[in-house]
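In order, the protein sequence lines correspond to chains A and B.
The first sequence runs 1 to 373 under the UniProt record's numbering.
The second sequence runs 1 to 373 under the UniProt record's numbering.
Careful: at least some of the hints might be erroneous.
To spell it out: a stretch of chain B is covered by chain A in this simulated footprint if at least three of its residues, at any positions, have a beta carbon under 8 Å from a beta carbon of chain A; those stretches are [said to hold, decoys possible]:
id: 1; stretch: 213-223
id: 2; stretch: 246-258
id: 3; stretch: 292-306
id: 4; stretch: 350-357
Facing chain A, from chain B, some residues (calculated, C-beta under 7 Å) [what the hints assert, rightly or not]:
id: 5; residue: G113
id: 6; residue: R115
id: 7; residue: A360
id: 8; residue: I362
id: 9; residue: Y363
Label-pair ranges, simulated between beta-carbon atoms [what the hints assert, rightly or not]:
id: 10; chain 1: B; residue 1: G240; chain 2: A; residue 2: G82; range: 39 to 45 Å
id: 11; chain 1: A; residue 1: M1; chain 2: B; residue 2: K184; range: 53 to 59 Å
id: 12; chain 1: A; residue 1: A271; chain 2: B; residue 2: G82; range: 45 to 51 Å
Keep in mind that the hints were calculated from the coordinates and are not lab data.
Every residue, glycine too, gets a C-beta built ideally from N, C-alpha and C.
2 protein chains.
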Amino acid sequence: MHTPATLVRGGTSKCWLFHQVHVPAERGELEKLLVAAYGSTDPVELDGVGGATPTTSKAAVVSASPEPGTDIDYLFAQVGIGTGTVEWTSNCGNCATGVALYAVAKGLVPITGDRTRVTMRNINTGAVLEGLVDTTGGLVHDFGEQTVPGTRAGGVAVGLTFLDPAGRTTGHLLPTGQAAQELKVGTADPVLVSMVDAGAPVVLVDARSAARTGSETLEQMRTHTPWLRTVRHTAAPLMGLLEPGQAPGDAVPKVGLVGEPVPYTTTLGEAVAAEDYDVSVRMLTMNAPHPAIGLTSAVAVATAGLLEDSVVFRAAGGPTGDWLRLGTPAGVVAVRCSDLRDGLPGRVTVQRAARLLADARIYVPRTGRAQAA
Amino acid sequence: MHTPATLVRGGTSKCWLFHQVHVPAERGELEKLLVAAYGSTDPVELDGVGGATPTTSKAAVVSASPEPGTDIDYLFAQVGIGTGTVEWTSNCGNCATGVALYAVAKGLVPITGDRTRVTMRNINTGAVLEGLVDTTGGLVHDFGEQTVPGTRAGGVAVGLTFLDPAGRTTGHLLPTGQAAQELKVGTADPVLVSMVDAGAPVVLVDARSAARTGSETLEQMRTHTPWLRTVRHTAAPLMGLLEPGQAPGDAVPKVGLVGEPVPYTTTLGEAVAAEDYDVSVRMLTMNAPHPAIGLTSAVAVATAGLLEDSVVFRAAGGPTGDWLRLGTPAGVVAVRCSDLRDGLPGRVTVQRAARLLADARIYVPRTGRAQAA
Numbered sequence: 001m002h003t004p005a006t007l008v009r010g011g012t013s014k015c016w017l018f019h020q021v022h023v024p025a026e027r028g029e030l031e032k033l034l035v036a037a038y039g040s041t042d043p044v045e046l047d048g049v050g051g052a053t054p055t056t057s058k059a060a061v062v063s064a065s066p067e068p069g070t071d072i073d074y075l076f077a078q079v080g081i082g083t084g085t086v087e088w089t090s091n092c093g094n095c096a097t098g099v100a101l102y103a104v105a106k107g108l109v110p111i112t113g114d115r116t117r118v119t120m121r122n123i124n125t126g127a128v129l130e131g132l133v134d135t136t137g138g139l140v141h142d143f144g145e146q147t148v149p150g151t152r153a154g155g156v157a158v159g160l161t162f163l164d165p166a167g168r169t170t171g172h173l174l175p176t177g178q179a180a181q182e183l184k185v186g187t188a189d190p191v192l193v194s195m196v197d198a199g200a201p202v203v204l205v206d207a208r209s210a211a212r213t214g215s216e217t218l219e220q221m222r223t224h225t226p227w228l229r230t231v232r233h234t235a236a237p238l239m240g241l242l243e244p245g246q247a248p249g250d251a252v253p254k255v256g257l258v259g260e261p262v263p264y265t266t267t268l269g270e271a272v273a274a275e276d277y278d279v280s281v282r283m284l285t286m287n288a289p290h291p292a293i294g295l296t297s298a299v300a301v302a303t304a305g306l307l308e309d310s311v312v313f314r315a316a317g318g319p320t321g322d323w324l325r326l327g328t329p330a331g332v333v334a335v336r337c338s339d340l341r342d343g344l345p346g347r348v349t350v351q352r353a354a355r356l357l358a359d360a361r362i363y364v365p366r367t368g369r370a371q372a373a
Numbered sequence: 001m002h003t004p005a006t007l008v009r010g011g012t013s014k015c016w017l018f019h020q021v022h023v024p025a026e027r028g029e030l031e032k033l034l035v036a037a038y039g040s041t042d043p044v045e046l047d048g049v050g051g052a053t054p055t056t057s058k059a060a061v062v063s064a065s066p067e068p069g070t071d072i073d074y075l076f077a078q079v080g081i082g083t084g085t086v087e088w089t090s091n092c093g094n095c096a097t098g099v100a101l102y103a104v105a106k107g108l109v110p111i112t113g114d115r116t117r118v119t120m121r122n123i124n125t126g127a128v129l130e131g132l133v134d135t136t137g138g139l140v141h142d143f144g145e146q147t148v149p150g151t152r153a154g155g156v157a158v159g160l161t162f163l164d165p166a167g168r169t170t171g172h173l174l175p176t177g178q179a180a181q182e183l184k185v186g187t188a189d190p191v192l193v194s195m196v197d198a199g200a201p202v203v204l205v206d207a208r209s210a211a212r213t214g215s216e217t218l219e220q221m222r223t224h225t226p227w228l229r230t231v232r233h234t235a236a237p238l239m240g241l242l243e244p245g246q247a248p249g250d251a252v253p254k255v256g257l258v259g260e261p262v263p264y265t266t267t268l269g270e271a272v273a274a275e276d277y278d279v280s281v282r283m284l285t286m287n288a289p290h291p292a293i294g295l296t297s298a299v300a301v302a303t304a305g306l307l308e309d310s311v312v313f314r315a316a317g318g319p320t321g322d323w324l325r326l327g328t329p330a331g332v333v334a335v336r337c338s339d340l341r342d343g344l345p346g347r348v349t350v351q352r353a354a355r356l357l358a359d360a361r362i363y364v365p366r367t368g369r370a371q372a373a
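Just chain A, same shape as in the assembly:
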């Protein structure tokens, strides 16, 4: 079976995009196809097109949306590395920027002058997003000069806006009703956390309350990963993300440390001063330190920044400007909350870049394991 697919880079993620017409609609069959195509049963995804890291083992299925006012539906898949399974519970903002560019480049939406708006619905979470793709001159561009923290490579500029992101998964911006609260993790003293649902359900730990800083190196973050995973699993039922008796997964809630800004050096070796940003953030992606920050998490952090008691508000030392600047290992990611109503943002925007890397036909073994033809 040869399945058409397009490899895109969206920001700091790589993602294979499949059009719905080429893959099974039934979720179980689709999962089998992705596991086989990626070589997902293997820890290094040797026998397939997977990239063997959480940020390069992603997929999305794209289709024209039946929803009025929405151009594109996409279903995001976090393809497991060595597990032979797919996580279906989260969204990926980086991939959404790739979806927006793909929609324009493949003619799924008409080009409208120098910028083309693509309205997208994420099937996993119900999130609605708007991608504003640079189509200068009324043309699709294969390459561009827009960069994002975490890579020096340029891409086509895509402004990504999350529309009314609060409460999409749980029904509430604050699933526990509190902007911040103490959380007892294992047998240690409680730590201060904010559990918010905006962009994605996220649990943010006040780093200082956990004897950490929020400005840890990726190496240091690896030693904190098991503990943060316990925080995730402790928060999940409190956020209403688990049915009773269900085992917690590793995709939601997202989890990370938040701290005060301090001078640090990015993974690309650039010096960042404390005054260059507002809060330090160190997130996990699945069970590994995120090299930058997932955009859905960035939305949650920025939205939490609007709430007076939250761990983000405290770390930032009070209210910030229009843009909240997040200090991540890869560099500073700026997030803009606008169109505020009752304290909730109607629009949360990040400036990103995307690039098509390859159009392919993937040889997919007919089951999760390779077979004789």
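Guided by the hints, dock chain B onto chain A, whose structure is given.
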């Protein structure tokens, strides 16, 4: 620029294959294309099709051979990760199995019954190889059930034979004229090594003489990597691989530890008894522990096993059968030396598997850096 390419798995390597007609013949221009296509300037090869590990950041350029009796020429490229450069000095046997399957699948050689022989010349080293591809029923197979140590995935069986492999790079099986000798590495006591040129130029360290075992875990090997790199750099000029004043590279000679067989557990969790194999081998690939063994190195180890004084002969405890069984982190790789003349093997064979993963058109930025279109 959209460049056609095919992603193959050959054994435990992933490699993009380009046909010569689609890429520049001039080496500098070709290097620019590969660097741009792979995103090679970035340490995680985010902006391209590279796999960001030494065994998944490989390429080869394939063409019909003008040489009588040879079907296919291929030029191997070890695409640097984060360097923006390509190493051109080595061959890759795993990739050669992929080249053989590709040659059959793309119709570059005629199918001849249940097995199809593909004679290949490696442009980098002058090595001549024979791939015997399973074409049961006179058909090309997309999938197969043959496995190799290091992955549970099946592929199409490809028997790979190196023809007259001794001395291809330096002119001599033993570039220093000795089957084993003491080598002073840095300021420490000398260690016992064999420097052999068969398949590839390789320096093999008697693990015991270096207070090591040859059965180290990959984690342990990471701590030995800087030292082994020093061994490589010390051996390179003695093997005639460096012009005076030239800085040593990381592709040749290949370097590794050889020791006696002991019980161990493979990276896939399988138990291996000491009697299941003849010698322990732990190699580097570029500057990282090899998860298994490069086939060109396997040829060197097997050929050294024929030499009474070599570190391989000593570790094996004397002569072995037709097949020398190498205990690698991923499992046991068996190598057969045959057609012996004057003690040199005319044929060195390994049983491997390969699979086509994807046919693609790669969007290649026009220089090493992405550009506006």
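Item to check | Numbered hints the structure breaks, given as an ascending list | outcome: Going through the list in order, the structure violates hints 1, 2, 3, 5, 6 and 12 and respects the others.
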